[in-house]
Amino acid sequence: MEQIQNIEGLQLTPDLFEPLSEAEKNSEFIAAAPRTYLSDAWHRFKENKLALCGLVFLLIMVVMAIVVPMLSPYSYEQMDYGAINLLPCTEHPMGTDKFGRDIFVRVMYGARISLLIGFSSAFICLVIGVVYGGFSGYIGGKVDMVLMRIVDILYAIPNLLIVILIMLVFGSNVGSIMIGICLTSWIGMARLVRAQVMSLKEQEFALAAYVLGASTPRILFKHLIINCMGSIIVNVTLLVPSAIFTEAFLSFVGIGISAPAASWGTLANEARTLIESSNPIQIIWPILAICLTMLSLNFIGDGVSDAFDPKKK
Amino acid sequence: MSLLEIKNLTTSFSTEQGSVQAVRGISLAVDQGEIVGIVGESGSGKSQSMYSVMGLLSENGRVEEGSILFDGKEISPKYFDGNEKAYEKYMESIRGNTLSMIFQDPMSFLNPVLTIEKQLVEPLKNHRKIPAAELHQRAVELLTQVGIPSPEERLKQYPHQLSGGMRQRVIIAIALACTPKMIIADEPTTALDVTIQAKIIELIKELKEKTGSGVILITHDLGVVASACSRIYIMYGGKIVETGLADEIFYSPQHPYTQGLLACVNNPESDNELQPIPGSPPDLISPPAGCPFVDRCSQAMKICKQYMPREKRLSETHGVSCWLTEKGGI
Amino acid sequence: MEQPILRVEGLKTHFPVGGGLFAKKQVVKAVNEVSFQVMQNETFGLVGESGCGKSTLGRTLVKIYEPTAGKIEFMGRDVGSLSGQELQEFRRNMQMIFQDPYASLNPRMTVGEIIREPMDIHNIGSPKEREEKVSSLLETVGLKPDHVRRYPHEFSGGQRQRISIARTLALDPKFIVCDEPISALDVSIQAQIINLLERIQQERGISYLFIAHDLGAVKHISQRIGAMYLGSLVEVGESSELYHRPLHPYTQALLSSIPIPDPERMRSRPGLQLDGDIPSPLDIPSGCPFRTRCPHATQRCAEEKPQLRQVGSSQVACHLYE
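Protein chains in written order, with my numbering: chain A, 1 to 313; chain B, 1001 to 1330; chain C, 2001 to 2322.
Hints in this document: simulated from the structure, not taken from any laboratory.
Among the clues, some could well be false.
Cut-off 27 angstroms, straight-line C-alpha distance, at most; resulting in silico cross-link-like pairs (BS3-like, lysine-lysine) [claimed, not checked]:
| hint | chain 1 | residue 1 | chain 2 | residue 2 |
| --- | --- | --- | --- | --- |
| 1 | B | K1129 | B | K1210 |
| 2 | C | K2144 | B | K1302 |
| 3 | C | K2144 | A | K201 |
| 4 | C | K2305 | C | K2012 |
| 5 | C | K2025 | A | K142 |
| 6 | A | K222 | C | K2128 |
| 7 | A | K142 | C | K2128 |
| 8 | C | K2012 | C | K2071 |
| 9 | A | K222 | C | K2144 |
| 10 | A | K201 | C | K2063 |
| 11 | C | K2144 | B | K1305 |
| 12 | A | K222 | C | K2133 |
| 13 | C | K2063 | A | K222 |
| 14 | B | K1208 | B | K1129 |
| 15 | B | K1156 | C | K2024 |
| 16 | A | K142 | C | K2012 |
| 17 | A | K142 | C | K2063 |
| 18 | B | K1210 | B | K1181 |
| 19 | A | K201 | C | K2012 |
| 20 | C | K2071 | C | K2025 |
The calculated label-pair distances, taken between Cβ atoms and stated as ranges, are [what the hints assert, rightly or not]:
| hint | chain 1 | residue 1 | chain 2 | residue 2 | range |
| --- | --- | --- | --- | --- | --- |
| 21 | C | S2183 | B | Q1017 | 26 to 32 angstroms |
| 22 | C | R2149 | A | I164 | 51 to 57 angstroms |
| 23 | B | D1271 | C | E2264 | 50 to 56 angstroms |
| 24 | B | S1042 | A | L52 | 50 to 56 angstroms |
| 25 | A | C53 | B | E1088 | 42 to 48 angstroms |
Some, not all, of what chain C presents toward chain A, calculated at C-beta under 7 angstroms [stated by the list, open to error]:
| hint | residue |
| --- | --- |
| 26 | V2027 |
| 27 | F2098 |
| 28 | A2103 |
| 29 | N2106 |
| 30 | E2113 |
Idealized CB from N, CA, C, for every residue including glycine.
Starting from the given sequences, assemble the full structure and let the hints guide the process.
So this is what it looks like as structure tokens:
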């Protein structure tokens, strides 16, 4: 207070003491530029360099998975007994396998399957989990009790057992692997959404919507689910790598995608037999692909969770 | 010399939107044995200025400038030459000891899994070398002092077993444990009901008489300061806009904000129409160059928009920062 | 102000709590036998300390909670039996403003979407008419039409409360339950909101139930005021009557504990203060609920619950006035 602003030399002239008109005041003025929740989150995500690298790598992977098998002169199943077990060379950047198939094309083709399974099963889990958990949490009471007990029962059945049974019944293809993965993976999502919806539905904005006469689906999706989007997205970024990993694991132990189709797990399995013989390097490629994809997905997950929940460090 | 003397204190917070200048160069002084009120709306910087004193700013907050003299020693973090450890250590030694704080929300301050006794003797154990045998006796005395009936039983209870008013009394007892020289009470009654509020204010006044501590009462409620405080600082937009004895503030307010505040407060004994102050408080990310109140002031002038008014002393105790006081001189 | 728009009779809202394998099931009697009327174009103030059941009462009126017993009659119709189309119509006429301006607006919707939503729900007007109405409502509450694209977090508490008010007005309701709409706001903003609500009432002829814990705040807006304690109405009277001649010991204590912004007056004021805290609504005292804190309590107060009876122009539930 004693500290006087640097205005000692100020000449106090009468015109300075003219009243200020209403127009010159900005009493309901908002200084900050409008920003939405998502643009805020994206802004924070960009700050995280590792997550950004992960995203770039993943995008490159997706593009290559689509483009490489289309443009390459080799197809994933085309055998060439004149060129088996080649080391990487100009024609075959990752070499060839024991049937003379181009490994680069097969890894990229495998990326198609692995990424397809990863993203679509995460998406299916998202839809089921959000709807199931949302209704369970919002309606509450007896309905919630019954729905949650069903989930508990499903959760108690060993995951791997179900997957193997489904593969036996429906055969080893992408569809049955996805069913196997989705059958239990949505449970985590449903529990998360239920818990969030239960706490959000007591919030005054949800009550306000109720008093306005909004229907249950409207309150649930327009008011409640949209407000737990942050943790839902974070959860999805964890579901994708876990689905990819499950598929790779199943294929590796021989109950997943079967040859000649190739997923990363199948490729690793095929190359496994060659480790001790002529060409141990073959197994590197699918494993490298899995590791790098996992790593970048995990970085993305980390970045997303920081972006949506800046307080949690 | 005053017990607490703050000069030109400036505190800011870094946020994603930019730097929020919460406290913008305030100076104030509090003596032993007086209750001083700091009145302001949310966002006026009244709490943050005192958190700066206590060293309790959140991680993104920083004291940019100014000096804080407490009990003859400089306790501004600036003064410790960037040695944060030394600052923290020193603050820990006085916090809860000679300088203590009463918080707004008693429930979030008390630890739910510890008994009242454990929490009450904590500062005594930390700061005073009191033999373990005497701790219990001291705890009983403290609860009796703040007017809690059957203290022996209360000591064994947990916070959730007490009512809101009771909890606030426990908080006050904890603050008093080491007979501090200075107590800073941050909205101690806001979370309480009116009938309880009056009792707590009464208690704070009584305890000040008994212990002779200096008290700073942070509040948004002019009614509360009217009954308790001898001197008052009015804060707006991170600045002190008016200061004076309670009578000076209530009976001859000079700043248009103080006048507006008095006109819109609910006085159950008068039938006057409520006179609202139009508009909203300023955005402290880009604070106005001139008077922070300019956009809501009915008597605003051209100069107010451009230059921050300097403080003018109307009497030994009464000071106001408003260009209207200089208008007559032109 | 000739006929009541809202009539509440013997309303009870109880909540069961606890009741596990070993715990005994208990009942919170949040609202216990409350009867009152609100006239057309009138503001009825409801005051009481936290936990007295005033908010539960408000929420029961707008059908967030179902009443345990009693009758609510709104615009001549029993509210309890409404469903389907009739319920939607009831919702159009009966609206609510909430306490916390930070929690009552969906943070992911723009201001425009928030104010338009009631019209979307009830299918009122064409999209263009809705847009126009949003703009005019924003102006009514003193905000600028170009604020529609902003999100709630960009506004101050008072501005948000005005957005809330605009949202309820979108349906042109006849009755608004205001649940402590100003207690979370700064003093200088409180008066803005009260004056805005008063202006809207004059322009549109809306009736209010105005809930507050602060007697000072309701005084300026209400014609009649009811004081509530532990689920029961203890006194109902004309606003000025209640302020100048409070009858019930609780109303007297409430009034005398409001701090007055006047140091002289505070020094000279006799301190009629209440001892103790409000009992838990799980365990309401027998007879008069206030007797544990009342300076005039007698044996009779413990045995018999006093009923609201006419004393002068007010109604009071106290054995002292018999």
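| field | Violations among the numbered hints, reported as their numbers in ascending order | value | 3, 7, 23, 24, 25, 26 and 30
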